[in-house]
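First to last, the sequence lines map onto chains G and S. Residue numbers for the first sequence follow UniProt numbering, beginning at 1 and rising by one. Residue numbers for the second sequence follow UniProt numbering, beginning at 1 and rising by one.
Please note: incorrect hints may appear among the correct ones.
Stated by the list, open to error - The list that follows gives simulated cross-link-like pairs (lysine to aspartate or glutamate, DMTMM-like), each with its CA atoms no further than 25 Å apart: (1) K96(S) <-> E98(G); (2) K19(S) <-> D52(G); (3) K19(G) <-> D52(S).
These aren't lab readings, by the way, just hints derived from the structure by calculation. Please read these numbers as outputs of a predicted model, since none were measured by experiment.
There are 2 protein chains.
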Amino acid sequence: MFADTPKPPYYTVIFTSVKSDQQQGYSDMATNMWNLAHQQPGFLGAESASADLSITVSYWKDLDSIKAWRNNAEHQQAQKMGKEQWYNAYKLRIAKVERDYQFARL
Amino acid sequence: MFADTPKPPYYTVIFTSVKSDQQQGYSDMATNMWNLAHQQPGFLGAESASADLSITVSYWKDLDSIKAWRNNAEHQQAQKMGKEQWYNAYKLRIAKVERDYQFARL
Chain G
1 MFADTPKPPY YTVIFTSVKS DQQQGYSDMA TNMWNLAHQQ PGFLGAESAS ADLSITVSYW
61 KDLDSIKAWR NNAEHQQAQK MGKEQWYNAY KLRIAKVERD YQFARL
Chain S
1 MFADTPKPPY YTVIFTSVKS DQQQGYSDMA TNMWNLAHQQ PGFLGAESAS ADLSITVSYW
61 KDLDSIKAWR NNAEHQQAQK MGKEQWYNAY KLRIAKVERD YQFARL
């Protein structure tokens, strides 16, 4: 359920978005991008939840891995369609994970 | 809609959780904690979305602000009840935001 990330440090991209009312093709593209991201070098996992606001948090080995994914040709096409159609707005933050903690019920 | 965070650097806490089937009192406490967090020194904003997985991302001026919030008495009580009742599991990551980007439709 949670991304099974290694011991820090590693990087995260926090992608927060508000969808538009034009969602044709979004779901297929989102599935494709989710799968494609999982095949990228340096990809460590991702977590996603969607309500009024959608939040997708992905985890990466380093900034170079994030840059390579940003420049991936299929991903670039998805980004273009996102701006043209699917999103009213989004915000993306790149951060370096320094610590983590977890809890699980016995 | 998005947290109106300042120019990086600042800190983020990514809190990912899976709820239990015991949710009595959760909603009130979540609202209280959301409001209380907004009154803390160094608090910069928060974003939340909930599906199978719940993700809450909060933003903070520095690590000291995060530590003070962790040690807040009311928050400690909420954490205790979270572990006893409301969460089956959670994962918390502390990261330093280095860059951000945004898009908004004209």
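How the hints compare with the structure:
Among the hinted pairs, K96(S) with E98(G) is consistent with the structure: their alpha-carbon atoms are about 7 Å apart, no more than 25 Å. Among the hinted pairs, K19(S) with D52(G) is consistent with the structure: their alpha-carbon atoms are about 19 Å apart, no more than 25 Å. Using a Cα cut-off of 25 Å, the hinted pair K19(G) and D52(S) holds, with the two alpha carbons roughly 19 Å apart.
Of the numbered hints given earlier, the model fails none.
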